[in-house]
Structures are given as structure tokens and as C-alpha cells.
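Protein chains: 2
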Amino acid sequence: MQRMIQRVSFIGAGNLASHLIPALLDAGVQVMEVFSRTGVSAARLASTRNIPSGKFPAAINPQSQAVVIAVSDDAVPQVLGALGKTIRILIHTSGSIPASVLGAFSPEYGVIYPLQTFTRNRLLDFRQIPLFIEGSTGSTLEAIRQLAGKISDHVTEADSEVRLSLHVAAVFASNFQNHLYRIAGDILKRNGLSIYALESLIRETMEKSLEMGPENAQTGPAVRNDRRVIEKHLGFLGHDAGRKEIYRLLSDDIIRTKNRKDTS
Amino acid sequence: MQRMIQRVSFIGAGNLASHLIPALLDAGVQVMEVFSRTGVSAARLASTRNIPSGKFPAAINPQSQAVVIAVSDDAVPQVLGALGKTIRILIHTSGSIPASVLGAFSPEYGVIYPLQTFTRNRLLDFRQIPLFIEGSTGSTLEAIRQLAGKISDHVTEADSEVRLSLHVAAVFASNFQNHLYRIAGDILKRNGLSIYALESLIRETMEKSLEMGPENAQTGPAVRNDRRVIEKHLGFLGHDAGRKEIYRLLSDDIIRTKNRKDTS
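Residue numbers (my numbering), protein chains in the order written: chain U, 1 to 264; chain B, 1 to 264.
None of these hints come from the bench; they were simulated from the model. Hints are not guaranteed to be accurate.
Heads up, the list lumps identical chains together, so a pair's fine if it works in one copy or across two of them.
Unchecked claim - Pairs of lysine-lysine residues, derived as DSS-like cross-links and limited to a Cα-Cα distance of at most 25 angstroms, are as follows:
hint : residue 1 : residue 2
1    : Lys258    : Lys232
2    : Lys261    : Lys189
3    : Lys232    : Lys150
4    : Lys258    : Lys244
5    : Lys258    : Lys189
6    : Lys244    : Lys150
7    : Lys189    : Lys244
8    : Lys261    : Lys55
9    : Lys232    : Lys189
As the structure is a computational prediction, the values presented were derived from the model and not from experiment.
The shape of chain U in the complex, shown without the other chains:
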């Protein structure tokens, strides 16, 4: 018979935990407690759903079958050091940390990596979020698969290497995408306009790219290798060396990518 994870403890009370904990609770999983470094964000998150909270390091509730570590990547090593060895299932949620780092702390471990951008207080349909999972043993993987399946319709097994590639790709397609909007907004602000002047363009670019594939959807001066426009735009950005360099590098990469395609 398959062992199920019914009771979990959370270390971390940030953007991800603020979406993951309510999703688990709504699916009938008991969240025994939530910890954060100072206890402040844990208390804020826990108060909305009436669960115990505290400051980590702390003793984990002996009833918990699994510990979910939902802290930023650079805090994972110190959380593990403070947690020490355990016989519970250890689960981290990071895109870029191999599952194996958990091996020194428990024989049963794995990963639930949600491929989404999380911001507190923003409503998301968790069932639509792709979860990429990994487990140290067959039965651990099945227990994690069952837990993940309670909250999402899109659960896929992926090893640490595939997960890293998803995370790097997500940084380009999400974090950097958002920053390009930021740069565009900054440019427009100097002329009394805002990013909303570009809303229809932004939406169409995304829809077109997803429908045709980005390799068929590229337009603009770089893909036409229109050096005159590129130089004019670099001149416009003249005051800002960093963003000028971003413009130049991305344009060069569009041209290089096109040539690669044309000769293939």
C-alpha cells in the first residue's frame, strides 16, 4: 500500500509558501506549522489560516511526515544545517539546487518545483501551475507525486538537470521579460508616457510568439539587420551605458540566431 503524505511542516513563509500552503490546506493536507527566520512572516502567513508558526531553527512537530523547505536558494544550506538529520521526507522547492544535497539529511527526499512566478496577495489557480517533481526512491517519488497531484493537474517528473534548464529558461522568459517591460517603461516615462502605451503590442507579441513559435514571430530592426535604426536607437540610449549594451547584445544575438537558422 502506498504511503501518503498527510501532514507537513513548512520552513519558509515567503511568496511561494504564501501560495503553496493555502493550496495544500484546501486539498485537505494538514500543515502542522510554518517557520521563518525571524518568525514575523511565518506569523503573518499562519494567522490567515490558523496554523501554528514560529522562528526557525526549532524542533519539528513529531507528527509531520514531511518537511517542505520553501526558502530562497541561498538559505537552503543553512536551513539544512540547522535542521540536521531526520527520518522524515525532506522536500525542497528550488529550481537550481540538486535533490541530492538533501541526501545527507534523510534517506527519503525529493523536490516539488513549481514553474511559476509568485507574488504575495496575487490570486493564482494553483491547479494550473506545472509542478516538476523528483524523489530519492520509488516510494518517495510516489508519495511526492500523490502530494503534488492534490494541488496541481500538471505534475511531471524531472531530474535535477532538467529542472535546472527549466529554471534558467524561466529566468529569461519571466524575470528578464519583466525587466524589459521595466526598461521600456523607464524610456517612456522620460517622455510623459507609460508602459500602458505598449499594452496592445505586448499582448500581441506574446500571443503571436506562443502561436507561431518565437523563431517565426521575430520582427524589428535587428532581424532585418537594419543598422541605421539600430544606431539611431543606440544614440537615443546614449546616456545609459548599461541599457545601451543590453540593446546591442540582444540585437547581435537576434542577428546571429537568424543567420544560424538561415544556414541550417
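Given the coordinates of chain U, assemble chain B onto it according to the supplied hints.
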């Protein structure tokens, strides 16, 4: 009484013309003829709507009240040179070319700059596309405003400097955005995945950015200044110096932008 532009000739039969000509025809404007460099793309475009087409340079139909130049930016000077002086209204459609370059060829000139990404055979609702217009005289501007208003609900006057800023911003928010999707797709392809693994993330990033403003929507390793993850990702991209540099530059700019905000 306001003079109206009822009959136009087109030079250029590319992505923009393939959307602009049908929109004008559907609004009751007569498109007298369409020209392209070799005549091939003009013939293809004209055949669908039964309008005369040809090879440019050519004599413009004397009935035309305006000539719309819808060619790539770097072809505009040679089109103007071949067109020569005219008493018709000259209209270009470029984001980055000042209206004033038209002044040597006609006293009445202006710009209709559609802020959208155009790809042939892709259905667009032209009424939703923002058009930024300019005119050399009050009456020219009014004639252009009336023409633009026949095909779009979003007509705004903008001088050449504002238009240039819109175009530079659009390159970041559209052309470069699409290229980031391309890079993400390339990374995933190496691991047997595709850009569609990121679809839910891409949609949420865009919606969040437009709702909260990109400056409040930023997530990811760079805005957390998580150097360990950034170094791991740079290592993952190790084989590709160009894209590694794009990752590094965009991350640095996110960190720099955040610090600017924090200290302001």
C-alpha cells in the same frame, strides 16, 4: 471645410502594408495602387483585394491625394529620392525617422506610426492598434487624423522625438521580449522540452507586470541578488558566450535598478 484624404497610393507591400491596406479599404478609403521594389509582393497583396500593383519607381496615379510609404526604415531615403517632389500629402509609417525628412519632397507631410508587431497572415483588430500621428501643418495634421481615425480608435498626436522613444521602448518590450522566448525555447530544446512548458509562467508574468507595474512585479535570483544561483545559471550557459553575457548584463541591470529604487 476640412479636406479629406479619400484616395491613397502605397509604396511598400510588406507586413505593415498587408494589414494597413485592408483596414483602409474596409473603412472606405480608395487604395489606388500598391508598389514594391520588384513588384512581386505588391502583386501578391493587391491580388487579394483587386487593386492595381506594380514595380517602384513608377509614376503615381494623379488621382491619389496621399502617398503612404510603408517600407523598412533603411529603404525610405531611396524611395523618396525616386519619388521626387510632389504636391500630394506624403506620409511615412516609421518609428525612428523624423517627419521632417519628408519636407524636401512636399510641403504637406506627416506620419502614421502604428505601435504593433505585424506579421503577414496574422489576424489583427486594427481598431485596437494605437496610431501615433504627426503633420507638417494644422490642416495636414487634421487630414491625417481623420484618415487614421477611420481605421483605429486609438489615435494620438506625437512628435518625432516621442515617436522615437515609443519605438525604442517597443523594441525592448516586443522584439527583445520575443527573442527572450526564443532563448528560453533553445535552452529547453536541449533537454527535450519546449517553450510551452513555460506558457503558464509567461502569461502570468505578463498579466502581473501589466497589473502591478513591472517595478513591483520583479521576482527571481537577480532581484534577490542571489549570487549562488546566478553563478550556477552562468555555468549552465557556459557553452554560449553571447547568451551568458546577456544573462549577466540583464541580471546586473536588475540589481542596479533595484538599488536605484531602494535609495530613492
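Hint by hint, here is what the structure shows:
Within a single copy, Lys258 and Lys232 get their C-alpha atoms as close as 22 angstroms, which meets the 25 angstroms cut-off; across copies the closest is 28 angstroms, which misses it. For a Cα distance limit of 25 angstroms, the shortest separation of Lys261 from Lys189 across copies, 15 angstroms, qualifies, whereas the shortest one inside one copy, 36 angstroms, does not. For the homomeric pair Lys232 and Lys150, neither the shortest alpha-carbon distance inside one copy (54 angstroms) nor that between copies (31 angstroms) is at most 25 angstroms. Taking the shortest alpha-carbon separations for Lys258 and Lys244, both the intra-copy value of 21 angstroms and the inter-copy value of 18 angstroms come in at or below 25 angstroms.
For the identical chains of this complex, Lys258 and Lys189 are inter-copy neighbours only, at 17 angstroms across copies versus 32 angstroms inside a copy, given an alpha-carbon limit of 25 angstroms. Within a single copy, Lys244 and Lys150 get their C-alpha atoms no closer than 47 angstroms, and across copies no closer than 38 angstroms, so neither meets the 25 angstroms cut-off. In this assembly of identical chains, Lys189 and Lys244 lie within 25 angstroms of each other by CA distance solely inside one copy; the values are 17 angstroms within and 30 angstroms between copies. Taking the shortest alpha-carbon separations for Lys261 and Lys55, neither the intra-copy value of 54 angstroms nor the inter-copy value of 30 angstroms comes in at or below 25 angstroms.
Taking the shortest Cα distances, Lys232 and Lys189 sit within 25 angstroms of each other inside one copy (19 angstroms), while across copies they are farther apart (35 angstroms).
Comparing the model with each numbered hint stated earlier shows that hints 3, 6 and 8 do not hold.
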